[in-house]
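Protein chains in written order, with numbering that gives the first Met the number 0: chain C, 0 to 238; chain R, 0 to 635.
Each hint should be verified, as a subset may be incorrect.
Calculated from the model, a selection of chain C residues having no Cβ within reach of chain R, i.e. all distances over 12 angstroms [what the hints assert, rightly or not]:
| no. | residue |
| --- | --- |
| 1 | 56 |
| 2 | 127 |
| 3 | 158 |
| 4 | 163 |
Derived, one-sided and incomplete: chain R residues facing chain C with beta-carbon distance under 8 angstroms [unchecked claim]:
| no. | residue |
| --- | --- |
| 5 | 152 |
| 6 | 166 |
| 7 | 188 |
| 8 | 190 |
| 9 | 192 |
| 10 | 194 |
| 11 | 361 |
| 12 | 463 |
Derived by calculation from the structure, the hints in this document are not laboratory data. On a predicted model such as this, the values are computed, not experimentally measured, just so you know. Don't be surprised by glycine CBs; every beta carbon is placed ideally from N, CA and C.
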Amino acid sequence: MRVRSTTFAIGIAALSLLLGGCKHSQGGSITTQAVRGLPSEDMIASVPLGQVAGEPSLSVAALSISNPYQGNAQAIQQGKQLYIRMNCAGCHAYNGKGNMGPDLTDAEWRYGGLPIQVYKSIRDGRPQGMPAWGVALPPKDIWKLVAYIQSLGGTVSPEDYEHARQGDQPGEQVAPEAQADAQLASPPPEAEVSPVPSDQPIAQPGLAPTMIPATHPGTPVAPKRKTKPAEPKASEPQP
Amino acid sequence: MRFWRLYKFRRSAACVCFTLIIAGISPSIPAQTPAPNSPGNKPENSNVTGATLNFAPNDPPGEWRSQARDYANTRYSTLDQINTDNVAKLRMAWTFSDGTLNGHEAAPLVVDNTMYVVTPFPDILFALDLTRAGEPIKWTFKPNPSPISKGKACCDTVTRGVAYANGKLIYNLLDDHTVAVDAKTGKEVWRTKMGNVETGETMTMAPFVVGKKVLVGDSGGEMGVWGWIAALDVDTGKELWRAYSTGSDKDARIGADFKPFYDRLKGKDLGISTWPAGMWKHGAGSVWAWISFDPSLNLIYYGTSNPSPRVPDQRPGDNLWTSTIFARDVDSGMARWAYQTTPHDRWDYDAVNEDILMDLAINGQERKVLVHFDRNAYAYTIDRATGEVLKASPFAYQNWSSGFDMKTGTPIVDPDKEPHPNVKLVNVCPPDIGGKDWQPAAASPRTGLVYADIFNICMDVTDHDASYIPSSPYDGMDMHRYPAPGGNLGEFMAWNPATGQKVWSIKETYMTMSGVLVTAGDVAFYGTADGWFRAVDARSGKVLWSQKLGSGIIGQPITYMGPDHRQYIAISAGIGGAATVRADVIALRPLDFPAGGNTLYVFSIDGNSMSSGPGQLSEKDGISETPPKTGKSNQH
Numbered sequence: 000m001r002v003r004s005t006t007f008a009i010g011i012a013a014l015s016l017l018l019g020g021c022k023h024s025q026g027g028s029i030t031t032q033a034v035r036g037l038p039s040e041d042m043i044a045s046v047p048l049g050q051v052a053g054e055p056s057l058s059v060a061a062l063s064i065s066n067p068y069q070g071n072a073q074a075i076q077q078g079k080q081l082y083i084r085m086n087c088a089g090c091h092a093y094n095g096k097g098n099m100g101p102d103l104t105d106a107e108w109r110y111g112g113l114p115i116q117v118y119k120s121i122r123d124g125r126p127q128g129m130p131a132w133g134v135a136l137p138p139k140d141i142w143k144l145v146a147y148i149q150s151l152g153g154t155v156s157p158e159d160y161e162h163a164r165q166g167d168q169p170g171e172q173v174a175p176e177a178q179a180d181a182q183l184a185s186p187p188p189e190a191e192v193s194p195v196p197s198d199q200p201i202a203q204p205g206l207a208p209t210m211i212p213a214t215h216p217g218t219p220v221a222p223k224r225k226t227k228p229a230e231p232k233a234s235e236p237q238p
Numbered sequence: 000m001r002f003w004r005l006y007k008f009r010r011s012a013a014c015v016c017f018t019l020i021i022a023g024i025s026p027s028i029p030a031q032t033p034a035p036n037s038p039g040n041k042p043e044n045s046n047v048t049g050a051t052l053n054f055a056p057n058d059p060p061g062e063w064r065s066q067a068r069d070y071a072n073t074r075y076s077t078l079d080q081i082n083t084d085n086v087a088k089l090r091m092a093w094t095f096s097d098g099t100l101n102g103h104e105a106a107p108l109v110v111d112n113t114m115y116v117v118t119p120f121p122d123i124l125f126a127l128d129l130t131r132a133g134e135p136i137k138w139t140f141k142p143n144p145s146p147i148s149k150g151k152a153c154c155d156t157v158t159r160g161v162a163y164a165n166g167k168l169i170y171n172l173l174d175d176h177t178v179a180v181d182a183k184t185g186k187e188v189w190r191t192k193m194g195n196v197e198t199g200e201t202m203t204m205a206p207f208v209v210g211k212k213v214l215v216g217d218s219g220g221e222m223g224v225w226g227w228i229a230a231l232d233v234d235t236g237k238e239l240w241r242a243y244s245t246g247s248d249k250d251a252r253i254g255a256d257f258k259p260f261y262d263r264l265k266g267k268d269l270g271i272s273t274w275p276a277g278m279w280k281h282g283a284g285s286v287w288a289w290i291s292f293d294p295s296l297n298l299i300y301y302g303t304s305n306p307s308p309r310v311p312d313q314r315p316g317d318n319l320w321t322s323t324i325f326a327r328d329v330d331s332g333m334a335r336w337a338y339q340t341t342p343h344d345r346w347d348y349d350a351v352n353e354d355i356l357m358d359l360a361i362n363g364q365e366r367k368v369l370v371h372f373d374r375n376a377y378a379y380t381i382d383r384a385t386g387e388v389l390k391a392s393p394f395a396y397q398n399w400s401s402g403f404d405m406k407t408g409t410p411i412v413d414p415d416k417e418p419h420p421n422v423k424l425v426n427v428c429p430p431d432i433g434g435k436d437w438q439p440a441a442a443s444p445r446t447g448l449v450y451a452d453i454f455n456i457c458m459d460v461t462d463h464d465a466s467y468i469p470s471s472p473y474d475g476m477d478m479h480r481y482p483a484p485g486g487n488l489g490e491f492m493a494w495n496p497a498t499g500q501k502v503w504s505i506k507e508t509y510m511t512m513s514g515v516l517v518t519a520g521d522v523a524f525y526g527t528a529d530g531w532f533r534a535v536d537a538r539s540g541k542v543l544w545s546q547k548l549g550s551g552i553i554g555q556p557i558t559y560m561g562p563d564h565r566q567y568i569a570i571s572a573g574i575g576g577a578a579t580v581r582a583d584v585i586a587l588r589p590l591d592f593p594a595g596g597n598t599l600y601v602f603s604i605d606g607n608s609m610s611s612g613p614g615q616l617s618e619k620d621g622i623s624e625t626p627p628k629t630g631k632s633n634q635h
């Protein structure tokens, strides 16, 4: 994607102000030099999009890179601002549940739902209309977007990845009885913008300690159900 | 044959019970008596409005060659084998599954005993041989559109159909190409690139052919496109003219002949001066729905989309010529008049809905009018020679305006219903998809009425300032839709365009987002988003027949005469489109909502056809055996 519009440039500038003086000096360049606390480009580059030929079990170490901003409230808030200002919401909806683009709050990920895979989808774009944001956003902003998406309950954790790939995840009951639990009505209340910088990741990147091996064929599958964050209670709108 | 009669009797008896049971338990089905109407109850001279319709180009009565069937966009058929007396005996004759999902919004075409069915992305076109049992595929055309387009279409990867002209099938691909396919061979004749999909522009509307000109327009009102309509040569695909919806008068093909009725629409380069500096360049006004044509005035009529971004505070001004109806000379493309339905459109109301051309008397004076049900919930009856609004009254629940100023021709905006950035505005009606969306209405010259699927929906909306980033949405509208007072989401209505009044209506629990067909048998057909396909007495509004289909219906019903001289009714069932694309809109799409589908259903009296009935059918001679008699249907 070529950034052609001055409006866009202004948007970026406004965003920088909005985010309280985040340093965007490395924005727009893809570098192999690791930003402090962020996964290195070499590590990211080693993540394949598909299964590795000849290997029945994908064992690329870098797949288990965790998001340094995962669970960081400030980073999530900044990720949310980016999500709105970069027009992510226009495609994936303001609550992330999908619109023109896919639902980001579920376990169905066309190009992989691990944090590193989501990072790469945002950075590199995907063939069915997803633009590549790597030229417009610095790596830390993309990781903040991933953190926001993770906060919506989407993505797959490295611990669950083997199960997700093997299809071992439990199904979901979405019959009418489940309606009361479904997210209805209003998206989460508009949070105030808190322009507090949070350039420092709270978690160190690296390999997740546990990679649960895939279930052997013929054995019952009983992985844990993916936990989702609390969703706002369904409420009937009152016109 | 005796067995057949017995079988028929049992089947209809079972069906009666079923209908009664359903009517007893479901509030969404209006009370109805399945007993046939007594014959001879058709009132004479019962054209309520005295309206007349011009059916040019007068296609063969048994065929369906364009989406709206005629230039006037009546969607009226003169076939009457199926009528109020026997429509309750409609049964499935045959079906066709096209293998794709996503919203099925197009009507199939029937030309020369061949049916043409187009799919949503990847826009595959099938030709089905109606002369052979099983309606086998004659050929399949795969246009191979760019997969990028899937992520650029705002409201599902739909197409609104194909047009037939000069031996060719002409349609728009989601990736901004117009293609012409040889109707006999299924081979591509020409392909014209109309835009750059990577900017977010797509094409979803059905081409409209007038003589040698193919009229097409773009989609992308949520993507910051520069909206346009263009005319292509039907034989070569060469672009003949293009008129933009914003920008200079030159861009908009506005010249000396442009005579809008209202003063506020007069002036130089209003497509620039009614915008903040430069914002018209990405101001949308895409042309994504219907076009009609009056041969006597040589004018085409169509509407433009909402302005971009959808956040109004970013673009103070009237934002011409968005949310505007244009009349243009079909040969030159030059504008004759324009009328903006929603100035400075704050709610994404557009003006793209169909313009049905009728001739009728208003206050004793004969008028050539167009009838337009706008998304803004006003039904307009407009003098199509001058652009003067003759009637404007709400047809659906609305609260964004407190009335209509006939002097200026504009609705009076309630300032409390204007959205502003970062403020949650509660209860605006109708929502972005309007009191009625693109789903086209139909008009009957027998009743003088217009029939439409409409909505009963409101929204809460929070605007967020949007940045123009090519390839991504230029939108900023965070909304949640829910039922308006009454609780029903849908409604099917008959409208009197001479008085601007609703004649009758049928409320539906779920959205009603299908096209409408009305016939000389005085039957109107419509579908619901939860998959009910219904036939209604066009005079009384009484539901005469219903059938639940495999998916929700947002397609457009048609009727045609088969090679076996039977009248058939056809409709696609495949929910999707703007109604359902937003997964967050659970209030409109409860979890018992039907899943996607891709089936074309074809109905006939008693379900008789070459592809159904007792015993094995041979297709040696095309029509292999005399079909069972269908009773009254053969008397017409």
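Verification of the supplied hints:
1. 56: holds, 30 angstroms
2. 127: violated, 4 angstroms
3. 158: The assertion about residue 158 of chain C holds, with a minimum of 27 angstroms to chain R.
4. 163: Non-interface label on residue 163 of chain C holds, nearest chain R Cβ at 21 angstroms vs cutoff 12 angstroms.
5. 152: holds, 7 angstroms
6. 166: Residue 166 of chain R check fails; min Cβ-Cβ to chain C is 35 angstroms, beyond 8 angstroms.
7. 188: violated, 29 angstroms
8. 190: This interface hint is violated because 21 angstroms lies over the 8 angstroms limit.
9. 192: Result: violated, 18 angstroms to nearest chain C Cβ.
10. 194: violated, 15 angstroms
11. 361: This hint is violated: residue 361 of chain R lies away from chain C, its Cβ roughly 35 angstroms from the closest one there, beyond 8 angstroms.
12. 463: holds, 5 angstroms
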